[in-house]
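A.B. asks: Protein sequence lines correspond, in order, to chains A and B.
To convert, take the position in the first sequence, counting from 1, and add 7; that gives the numbering used here.
To convert, take the position in the second sequence, counting from 1, and add 7; that gives the numbering used here.
Treat the hints loosely; a few may be bogus.
Note that identical chains are pooled: a pair holds if it fits in a single copy or bridges any two copies.
Unchecked claim - Once the Cα atoms are required to be at most 27 Å apart in a straight line, the calculated BS3-like pairs of lysine-lysine come out as: (1) Lys-294 <-> Lys-128; (2) Lys-55 <-> Lys-423; (3) Lys-55 <-> Lys-290; (4) Lys-189 <-> Lys-315; (5) Lys-241 <-> Lys-302; (6) Lys-22 <-> Lys-253; (7) Lys-244 <-> Lys-40.
Hints were generated in silico from the structure; no laboratory data involved.
Protein chains: 2
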Amino acid sequence: MKNDTITLRSDDFAKWYTDVVRASHLTDYSSVKGCTIFEPNGYALWEKMQSVLDDMFKRTGHQNVYMPVFIPENLLKKEGELISGFAPECAWITQGGNEELEERFAFRPTSETLFSDYFSKTVKTYRDLPKLYNQWCNVVRWEKETRPFLRSREFLWQEGHTVHSNQSEAEAETHRMLDVYKEFFENYLAIPVITGKKTEKEKFAGAEYTLTVEALMQNGVSLQSATSHYFGQKFSKVYDIKFVNKDNQFDYCYQTSWGSTTRMIGALIMVHSDDRGLVLPPKIAPKQVVIIPIKNDEKLVSISEHIKDSLQEKGFSTYIDYSDKSAGFKFAEAEVNGIPLRIEVGPRDLDNNEVTIVRRDNLEKQVIKLNDVINVVTQQLDKMQSDMFNKALNNLKERTYEATSLDEVKDIMNNKPGFVNAHWCGNEECELKMKEIKGTKSRCIIETKDYEHEKCIVCNKKAKHKVVWGIQY
Amino acid sequence: MKNDTITLRSDDFAKWYTDVVRASHLTDYSSVKGCTIFEPNGYALWEKMQSVLDDMFKRTGHQNVYMPVFIPENLLKKEGELISGFAPECAWITQGGNEELEERFAFRPTSETLFSDYFSKTVKTYRDLPKLYNQWCNVVRWEKETRPFLRSREFLWQEGHTVHSNQSEAEAETHRMLDVYKEFFENYLAIPVITGKKTEKEKFAGAEYTLTVEALMQNGVSLQSATSHYFGQKFSKVYDIKFVNKDNQFDYCYQTSWGSTTRMIGALIMVHSDDRGLVLPPKIAPKQVVIIPIKNDEKLVSISEHIKDSLQEKGFSTYIDYSDKSAGFKFAEAEVNGIPLRIEVGPRDLDNNEVTIVRRDNLEKQVIKLNDVINVVTQQLDKMQSDMFNKALNNLKERTYEATSLDEVKDIMNNKPGFVNAHWCGNEECELKMKEIKGTKSRCIIETKDYEHEKCIVCNKKAKHKVVWGIQY
């Protein structure tokens, strides 16, 4: 049953997206322009993501901290590239109580400055290193155009900030956290990703280099989904993060930062969902199983309760829909909300000691024996997780191209867009030329030497890199 | 061993407090005036509190959501009492990117306005009710004088916001959440509290009434520690939160809010800690047991690892201090950081298959057999939790007084301050008169009829209430 409140993907993908986030009660628009409300379903999804990621961060030795939300302008201005990157999108606090502030404060757009300032005061010797910190918080970037989860003036994220006594350890950290993100995307969100280094133009303001996790939406558009930055000693020299090394000499720290945001919810939707609403991979779904008694009948209710208890005992997040709506309405609601498995408990099935189980991703129905419920649920949730990953992987493979000319790129991006691998000379002008094709941008540089005898597909000059290109979300 | 960086409580309680928060690495001062940094130890404590409270909120049927951080001035101004209560301490965002905003935004000081605005759009019929929401977030109040955890310009908190179809359900919610806080304070923080209704002067701006949880610090000063507000239909009439009731008539919702903040960390410190540093109740300590091998010796390390594994298996948060510091230094560090139990693994004890176990609260040492470790740790952590509660309860009892004259109150507050129960006429003037005694304020109204033939201890007129008074932190 198609959901009447949701536009078809084939009609208008962008409209479909906003219809899905609204219909599944992930967010609502607020009275504050450019800011969205996280409704219970949306926040529960974020909490689940947080809990998985936070655990991964802690297992890799990181500790959570919390820095102030305000950044005095003067502190922000210390690092030239950072301020020129972020100043145009800062929100400024200029009044506190009834008084004008002497110096205006930026609402943090990111916290390199405050972490650097803190490290400069607390790191004294190599024994204090490394410091492996992370914080979960809200940030603000004053975007002109906004879309729920994908681009909004306030969003929620985590930002990791670390300082190290040497370059190799800091670079290893930058790569380790990229791997953590990749694992999270692939194993939990069921989203296959490509990873690599950003070009100079696309890297984070102030970073030596930026590593990125790039995902492909089902319509072939690319989404930068998480990033990990290596700063070298750039910030530590500006913010004076010095330490005494083992040779009793002063040295500057080597620094990294890495972040992921509520935008991941947007990726999840655009990779997996369908015309009926949300489709969530079981490992990240806040509620994995819904049980729907077809009628409000004592026997059905008692069996439903029994099934719920045994599933919850096995660790499956399960609930029974007892609302006074029709069974059909409950089915549709479970579908639009993306509950991975639905168990229908009806009188006729029960006569045979059976229930019906329906998978959200492929809508397959199975009639199973009551005493098979736990086994089948376990198997089907596992299967659904890998099927969803494989489906997304197939889309990514189908939409990954090699191109040797601008015309080819145009052709691809106008027909069935995706990731296009192509050689590039390293000049920004050629990147801008690519951007004219429906906003195609370099996603990341491919680690390969095969560019060595090749030419830039834009200017035909000697290639410096092979790059993955894609339409920027 | 007294910690050299910590002032004695008997010398200067306020200085002792800030010394403890710094020495135990809970917070550091930031370059942003009035805002503190939550260092790993401080944030871990907050995370632990969050996880316990969040679980209690969810078990009582609440869902987490997230509202924007910005409140347009115009929306904030709708409810007159609220704005007059909060406007003097709002921080204002007046610029976004390079542009002046047409309307300035307050950084949320509390979110009744945005929740009300959201409820007004989403609540249509009694079937939509109740809505039981909570959010964890940062808030800003532009305080002039600040102290870590107790009063700071930005702080972290949770704010619950609920709407109901009738008064009795909303009032029951207001009381239920007070009980949740009380349980949290008593069972987890080991802090005995008194609860009751605030006077008109002390209630939340815009509330019909405010219920409060009040704790007594070890020096006899009172701390308002969590509050639960009943709004009746006050906000719902201003923000137009209407619904169709069962009789098919329009009615306005009944509303509540309730909140607790990082100030609870301040209460924890001032109730339990000592001249050596932090003392944490086991149930809220992020790390419950530290194992300290006296030397870096293979056998000691292997036994330590074994103890750690078996304690962790039983669910006790345990770590081994492997740093290259002296054993004495490690003991002192575990003490200042408030690790509830320390296990010393030394060669001489091991010869007898023994280890030494030291409780942080009373510093009692026990030499125990290796195969008793799990039993003793389990018992001692339990015992420590209840001992800490009882010690605080004794202090509270010892410092709870009945007074029948202002002179008595003066005498008490100047000698051994605490909670003073005394009759009051209900007039604000008399409250202000009490305030002259070292900032004594009404904490809450006692639910009793025994005021009926009594007189106000300030003005001698007919009493309207019996009230608990205390020096305001």
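A.B. asks: Look at each hint and say if it fits the structure.
C.D. replies: Evaluated hints:
no., hint, result
1, Lys-294 <-> Lys-128, "between (45 Å within a copy, 26 Å between copies)"
2, Lys-55 <-> Lys-423, "neither (33 Å within a copy, 49 Å between copies)"
3, Lys-55 <-> Lys-290, "both (9 Å within a copy, 24 Å between copies)"
4, Lys-189 <-> Lys-315, "neither (33 Å within a copy, 32 Å between copies)"
5, Lys-241 <-> Lys-302, "neither (66 Å within a copy, 40 Å between copies)"
6, Lys-22 <-> Lys-253, "neither (59 Å within a copy, 36 Å between copies)"
7, Lys-244 <-> Lys-40, "between (39 Å within a copy, 24 Å between copies)"
Hint compliance for this structure: hints 2, 4, 5, 6 are not met, and every other hint is.
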